[in-house]
Amino acid sequence: MPKIELKHVTKRFGKFVAVDDLNMVIEDRSFVTLLGPSGCGKTTTLRMIAGLETPTEGEITINDRIVFSSEKGIDISADKRDVGFLFQNYALWPHMTVYKNIAFGLENLKWSKEDIKQRVEELLAMLKISEFSARYPSELSGGQQQRVAIARTLATGPKALFMDEPLSNLDAKLRMEMRTELKRLHRETDSTFVYVTHDQLEAMTLSSRVCLMKNGYMQQYAPPLEVYRKPANTFTADFVGSPNINLIKGEVTKLNPITLALPGSINLVFKPLETIGLSVGQKIILGLRPEHVAITEGPSMAEATVLSSLPSGMETIVQLRMGESYLHSVVFGDLDFDLEKQVGLSFASGKSNLFDEQSTVNLGQGLLSRA
Amino acid sequence: MSAKSQFNTFRSFIKKPHNIILIVLFVVLGYLTLVPLLTIMVDTLTVHSSEARFVKQDIGTFTLYHWKKMFASGVTSQKTFYEPFVNTMVVASLSCFMAILIGGFFAWAVTRTNIKAKGFLSTVFVFPYIMPAWTLAMAWLNFFRNSRIGGAPGLFTVLTGIETANWFAYGLFPIVIVQGLHYAPFAYILIGGILRNMDANLEEAAMLLHASRWQITRKITLPIVRPALLSTFLLVFSSTMSAFAVPAFLGSPVRYQVLTTQMFRTLNGMNPGYGYIMALIMIIIGVGILMLNQWITGRRKSYTTITGKSSNISLFNLRKARTPLTVLLIVFLLMVAILPLFSFALESFIMAPGNYSFSNFTTEFWIGEGRADIANSEPGILRNPSIWLGLTNSLKLSVIVSLIAGTVGILAGYSIAKRRGSKLSTWVNNLTFFPYLMPSMAFGAIFLSIFAVRRGFIPALYGSFWLLVIVGAVKYLPFASRSGINAMLQLSGEIEEAGTIMGIGWFKRMTRIIIPIQKTTFISGYLLPFISCMRELSLFILLVSPSTRILTTLLFQYNEKGWNQYANAINLMIVLIVVGFNLLVNKLTGASIDKGIGNT
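Those protein sequence lines, which keep their order, are chains H and D.
Counted the way this note's numbering counts, the first sequence spans residues 64 to 434.
Counted the way this note's numbering counts, the second sequence spans residues 476 to 1075.
Extracted from the complex, chain D is given alone in its bound form (with noise of 0.2 Å):
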């Protein structure tokens, strides 16, 4: 090719808004989240400045000191890695375990029975998934917490005069449970999306052929859905696998250490050699992952042929158990869902905790100017002003994270599906994604690590609210450039085509054109990074200084202190925000939190 052709070759590439932005997003991913990742691994290999005394070394410079410690050196490894390694596997498995039994019971319940009360059930079954993951948490805590380690005990105890057991109360047991909870509806909305697409003439041609209901489900449904099933089971491992809230609340009174309480220990006191390692372990396991996810969904027999009409379902007639069932899991979703709110409001309006008779009620939390003998003179936080703060700060960074990586998300989005096949294209949608690989807490602690110090033009960003915006906005780039893809992929592009030829410019068929068609899809984009942005503890609580501390850090550190009525007034809060903001926009433009789930 001769340099000529070559330029104008190039010309007419760098001509396309779509190869500007891939490009750009190339760069800027790439150094946001590639290079972060050789960051963490010299980390691991370097002498930090809280180290420099037992290491011997000057800060600084090379050493394997952490890597022997923490895989070679008996009891200590024992107690910093493995115990808590061993521990991660056993609740993510279990809690996934937990989620897809409930999330596919609930699924197969609401797409194919004819139980009752659908609606109600769809729409309050995913509350435990808006919520924050440590509101189960605290709820149990609040019911279930005994007197030997809890100090005061729970409603449960003082109502029935039980004293809870140590393993029912804090450990691997409520873990499982909650998080099981937790991740539930997540199961429920992949596994119902299988379940709902799924040709149903697949179903009735089995029983045309004599085959039983067993049989149908045995041979037929369950080998189809099987791919769906096990991709659910990898990505709520993966979610679960780096929760760092719920260990840390109803793990640490009883010790129970898993790798991401592990890490924030360690990062956050004398040996973030440690931590950092931690980290970069969970991301291979988190990418190792998503390559059998990938290789799975992949396979020979795939299952790209299974979108049907299934309009003409016929669903399972439960006969007598209809009516139980459904005031079954209507009780059951009330107090999952419904209950641990209450339980905040009057955790929140009592003084002596444990005492829950009426003379003992207050609202000194909420609008007290605070008391010498409660709380270090701690103002009710309604008047409070560090919670304001947090409020503020909280909403903030939500705001501004959700309009960042939506917007760059829709940009992805068109620039990777109007150049589907390149490679360009294919190594900025790996680059978008990768970070939903990352645990959060992990996330947090590379970012934590590249932009401790000043490197190049950019300043040292610890301590500063940008640094918290840009960690968000990466970390939910992922769902928005999911929906920006998928929204774009159900657009023909002969829609914009046919702009372009009428003359009109591409800022013009971006805002005419492509997002108002696919405006519902975009608008998810939008929503997933501000509530998951808002109810966020693990990123963000490496990051955060006091001033720009957020809603969430400061709850986390109430709880620290046992403070437990500030705790549950500012969770109230949350979730109050979250799930308003949710139905609101619901509302307004009928856009939600479980699509966008549903495309991830």
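Next comes chain H alone, as it looks inside the complex (with noise of 0.2 Å):
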């Protein structure tokens, strides 16, 4: 079955190098997402896969069958590498019904005039866009317009589908109707999905494995909610989740407890949950997720001022001075607070990632106490 995988891919356009050196498994049935911010690779890395692109170096196996290799000189045509492709425009054709649009791949297929003529209805059935069979592209909503693609692309029954950022330019709520129907889809047609995306909460719930990217390199590949939780460096940190999360700079000062120093003489003691290597006078970043940051009332680890408080009825996001630096909190349930306050803070409820300051990346996982 349909497991792609991508060995030492680099894009080059000129010198400008889109893709560097990216290796990656995408297994059978997954939901991959490539996330990252615009010009980090993602889209070229989507277009190498699926054909549309030539990767300057490296190798591309689908389903154990090599599409493309620079060494061996393969290059399998889009057309018969068996994929589907969702585009960010949708690219309909605009002298096409809707329902030739959704039949024209089952013509170059060469099937009968019945037998599209009842695929075409399926499709447009399990999209609820049957009614519209007969408009032009032109004459649909933007929403509409989107399932008509999502039907073309599906008509074939590729075992892959590949998406470009389907969903941006749809409203909010449709949006959200969207990423439901999307998940359905990948249920349905148990094929294997690769999605383009920059928004960090489609990703987050829409995929199986998140691919992040920055820059033409891949930062971290893992389930969703690992990279929610252990972010591999301070970008993948700071790029998942919403709030961001907090990102404090500070030094270590003592080894034994590892004793932490905050701008504005703030100290806290790490308890690693793993073994992690550092040293005195080491510069490192705390990353703390804005839910881990209660405000109590009781023995606090450290004292802040309300700078702002965002009260959005099922959540308040508050914004924190604590010593030198500024901090946000989640709080949940229907709270405000008066601005000025003096508040006190615990961050004992989760773990928090210690990142090296000058790599970035993650040193370990541990939990904070007073000093």
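Restraint ranges, calculated between C-beta atoms of paired labels, are given here:
#1 H/G396 x D/A973: 40 to 50 Å
#2 H/K246 x D/L793: 40 to 50 Å
#3 H/G396 x D/K491: 51 to 61 Å
#4 D/Q690 x H/K246: 29 to 39 Å
Derived from the structure by calculation, the hints contain no laboratory data.
Idealized CB from N, CA, C, for every residue including glycine.
Assemble the dimeric complex from its two separately framed chains, guided by the hints.
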């Protein structure tokens, strides 16, 4: 079944390196997201797997068949890789009706008229667009066009489906709806999905694995919650999660127990959950998820001042100043806080991550307590 | 609505500069385009002074004579109207196919294949369009004229000893070739623009759904490009239909008449009534073509959705054909764009036409004082007062016309875009575009008709330099107003509103905010009228008088007299001015004629 493998794949446009030495295995029937800021090489990667772009170096296999290899001189064209592709702007053909758009691929496979009709109607029903079958794309709304594009891609039953930011042109409500729809489709079609997005929320909610990229390099390739809980470096820590993770610069002042000094003479003890190599004087960055920053009435680890409070009903996002650094906290429930109020903070409710300031890589996880 | 609030509505309407501009344009353009249309209709029904003798009615009285003679008088109608009409249609359609075939192929090669030297190809390919239309016609004659009709044989005959056949040297065949080559760049720019803007994803999507390259071309690319192709066809058709110079140069020697040459003959001769009818018919066809074009581009399956990112377009690999095809196209371009210039230079330096031996070379036609035995002692063109007069007139005319057309175009574009959707704006938009549809010579004819006599406070302008200015400015306004509208539509209205809120006056908003932002587009709006005017013949030929003659009409006269060397020298001069100016402006500002064409 379609396992997709990338080995040392590199793509250069002139001097610009779009993708640099990418290694990756996409398991059969998984839902993998390529996530990253714009220009990070995620779309290029997807297009290379689909065969729309030729890598400069490396090897790509789909289902153990080599579809591209720079060394062996193999480059199988896109139409023979048995993959489907959903474009960001849908790329529906403006001169064909919805029906014709969906039937096109089947016609190319020389299906009989009746079979095509049956298959198209099945897809129209599956995507709930039966009543639009005679319309032209310009007469449909964005969401409807999106559904037509999905139907067209699914028509020939590709074993792997590639999607390039398919939801970015939809409004928030439709996007929510389509996310549910895509997850349902993934289950129903039993195929491998590779999905490009810059929206971390989409990646988190949809995928079974996230590949985070930056400047052509892969940063982390792991299930979404693992990326969230244990980010590989400060970039992935910062990219995933909303509101953003709190990254506080500090220094290791003692090793036994490990004590961290944060700006504004705040001292915390870090109890590692795994072996961790630190030295006194090492510059570090402490990563604290906002929901692990608790505002307490009881014993606190540090004092802070409330700078702003943004209640949304279910939760309240509070901005705080602790010593000389700024923090976000998410407090659940319909609470509000007075500005300039002094509060006590506790970080005991979750694991925190420690990063090296210079290399930005994750040094290890641990629990915080008062020094 | 109370009188007071009506008055207030009116006051706030009139306070806005764009409203005033629209009203002024509406009145002036209405007068300069619609009124002449009426007078030309009247002219087809009245007896003109030169016709009184054979119509046997008083001058100025009503008559159906012209219409009867044109359409229902057996051999006369056949010769004066039907034959030239059919010729026109044949020439226009065939030239159109030529232009689209060549231009389309170039567009495909440059945008969709991995051919080499793309920069060179696309720059030089536009040359034949920038050069005056008759350039290639003259070059054709220089090479292929035969001694049976053209007097001295051309370069080809001299070099090979083969006498060219009449059908090859004159008439339909060379006219179609030359016009096709002249308008090919136009097709190239339009089709290339579509291919460039077409979302490559549309083709990629088809490829992923197992369509072959041929199927993609047939089922996806062509249908999507088709409206643009059709639109190109119609625009080129209306241009070739109204072309005058090429048929005049290549058709006249064998009496191959088209509507424009026939119109010139009749308007300049004894039967202006015939000419006005022909002008009217050409205008009707022109307007019909444009309406058809608008209908095609505005249909249900409208293709407005075809813009997208096509940066990662996959190019067609020509493989082994890559180098040979590149060389072939370059050679072809050198032949149609560069070689003609050499032939003009060469022809202008030889004493007896047809003799290319070294001893026959002379600088007489450039710097000679004039000899009694050649061309009525006409001096060489560099010391010839009438040519200097023509040159200064041409430059003066082109500069003034481009200043007027360009500036009015900016204002028109600004006001039309500002009030987009309103009735007044739609009307003015159509009025500014209307002159584009009118065949140049027909347009000249209607101005001849309306300004031949004093009308109201406007004096009879015939023979005056300002008549040329008016007709040029109105005729080329569409170029400028198109780029003006495009520039304004790209600009969000908020940019100007930000200035308004800060209390900046209208004049300052225009000169300090809007014009600087869209500088390049606006400059194309000035450049296009200048170049078009510099190389225009058919628009002015009916309107010039000896004191207002310009280079192009001089060229035509010299050619008619058979003073080949002078004509070649003048042509070289015009081509160098036009191409040089285009390159200069392009270098200085980044504006270029091909950008402008793409906009119309």
